[in-house]
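Sequential numbering of the sequence shown, starting at -11, is according to our numbering.
Derived from the structure by calculation, the hints contain no laboratory data.
The C-beta atom is built at its ideal place from N, Cα and C for all residues, glycine as well.
Worth double-checking, as some hints may not be accurate.
The calculated lysine-lysine pairs, modelled on DSS-like cross-linking and capped at a C-alpha distance of 30 Å, are [said to hold, decoys possible]:
no., residue 1, residue 2
1, K245, K351
2, K214, K247
3, K224, K21
4, K245, K332
5, K97, K226
6, K134, K109
What follows is a list of derived Cβ distance ranges for each label pair [to be verified]:
no., residue 1, residue 2, range
7, L147, N272, 43 to 53 Å
8, Y49, T261, 21 to 31 Å
9, K245, A297, 36 to 46 Å
10, V293, F53, 31 to 41 Å
11, P45, K214, 13 to 23 Å
12, L80, Y49, 33 to 43 Å
13, F53, K137, 40 to 50 Å
14, N217, K351, 29 to 39 Å
15, V28, K109, 10 to 20 Å
16, Y205, F39, 24 to 34 Å
17, L80, N272, 49 to 59 Å
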Amino acid sequence: MKIAAQISRVLVGLLFIFSGAIKLNDPIGTQYKLEEYFEVFATDLPAMHHFFMGLVPLALYLSVFLCTAEVVLGIALLVGYKPRTISWLLLLIILFFTFLTFYSAYFNKVTDCGCFGAAIKLTPWTSFGKDLFLLILILIIVWYRKKFKPLPTGIVVVLSTVASLGIAVYALRHLPIIDLLPYRVGASIPAQLTPSEPLRYQYVFEKDGKTFEYEKYPSDTTLVFKEMNILNEDAKPKITDYKVWNDAGDFTEETFKGKKLFLIIKSLTDINTAALPDINKLLNNVKSKGIEPVILTSGNSDEIVSFLAAHQLTAPFYYVDATVLKTILRSNPGLWLLKDGVVKGKWHYNDTPTPEEVIDLVK
-11 MKIAAQISRV LVGLLFIFSG AIKLNDPIGT QYKLEEYFEV FATDLPAMHH
39 FFMGLVPLAL YLSVFLCTAE VVLGIALLVG YKPRTISWLL LLIILFFTFL
89 TFYSAYFNKV TDCGCFGAAI KLTPWTSFGK DLFLLILILI IVWYRKKFKP
139 LPTGIVVVLS TVASLGIAVY ALRHLPIIDL LPYRVGASIP AQLTPSEPLR
189 YQYVFEKDGK TFEYEKYPSD TTLVFKEMNI LNEDAKPKIT DYKVWNDAGD
239 FTEETFKGKK LFLIIKSLTD INTAALPDIN KLLNNVKSKG IEPVILTSGN
289 SDEIVSFLAA HQLTAPFYYV DATVLKTILR SNPGLWLLKD GVVKGKWHYN
339 DTPTPEEVID LVK
């Protein structure tokens, strides 16, 4: 039992550190996931609707707290800091995560739990299975907690807390240190919109109480169609929801032509307007150098027109789904540079580049 407890301690500690560190790299991504959970619970539990919607504004703070807690608890477990307290805290947090992943899987509400941020995508049932595995390991740790020898390693826990919070603050004031999103620098957006190979499907039918599966759609009209499954999931496009349009029509393909510097305005409610004068100067300067400035927003037409006029932004604007804009850039406003559909640069509003920096990237 002692060996099992020690193995459990190492596995749980490493997994918690990895999971928390990945999410600390992008705390806004975890914020969006928590907001999704709160909105689902508000809908599914009408009696507590106001309670869960009241948590939405706190999602970012909860994101930083939970991600930091994962890292700190994992390190504390590995170094042997207050093992009795830490084991109970681990049990509480894994029970919370297990409930969330079970709810997601059973009710098919949140299809990606965000357990490992954007680094590793897990299906709902896989996420639940992972948490059940961790729950078993943590129960072993709790059972054996009195046998662990406490060590005076408080300074390590303090330093890990400070370092974790520092990473989160940096990511919030700039951009994720490691960009794992499909719109990262160096990625080709057009290439990710197409399958890596022709998709193959499995068609499932029923007849006379029997199930039949085909890789080609059958001509037998007496069969009753049940479902269609993709056989080569890995070949699916990495990006499926990138669409750009205005009142005149679709503009998606145009965004992949030539050099374009996009001003991303995710919403008008929480935008940092203090950054707009410098950004506007940048847009005007690069336009004379052959780089087309374009504004992408999810805002209401009348509102965005008034907003752009108030801030003297004269670049043409187009609409993009709000979720897509959140994925493109974790900043509001922010800048996104493309050359022939390949991402050449991304900037938080705190890091607005000079015209020369932008021009050098698209030479």
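Going through the hints against the structure:
1. K245 / K351: 15 Å, holds
2. K214 / K247: Outside the cut-off at roughly 47 Å; violated.
3. K224 / K21: 23 Å, holds
4. K245 / K332: Answer holds: K245 to K332 is near 14 Å, not above 30 Å.
5. K97 / K226: Roughly 21 Å separates the two Cα atoms, so the pair holds.
6. K134 / K109: With a Cα-Cα distance of about 36 Å, the restraint between K134 and K109 is violated, given a limit of 30 Å.
7. L147 / N272: 43 to 53 Å: Distance hint for L147, N272 holds at roughly 46 Å.
8. Y49 / T261: 21 to 31 Å: 23 Å, holds
9. K245 / A297: 36 to 46 Å: 27 Å, violated
10. V293 / F53: 31 to 41 Å: 39 Å, holds
11. P45 / K214: 13 to 23 Å: 43 Å, violated
12. L80 / Y49: 33 to 43 Å: For L80 and Y49 the Cβ distance comes to about 19 Å; the hint is violated.
13. F53 / K137: 40 to 50 Å: With Cβ atoms ~29 Å apart, the hint is violated.
14. N217 / K351: 29 to 39 Å: 46 Å, violated
15. V28 / K109: 10 to 20 Å: With Cβ atoms ~19 Å apart, the hint holds.
16. Y205 / F39: 24 to 34 Å: 48 Å, violated
17. L80 / N272: 49 to 59 Å: The hint (49 to 59 Å, Cβ to Cβ) holds, given that L80 and N272 are roughly 54 Å apart.
Figure legend: structure checked against the earlier numbered hints; hints not met, in rising order: 2, 6, 9, 11, 12, 13, 14, 16.
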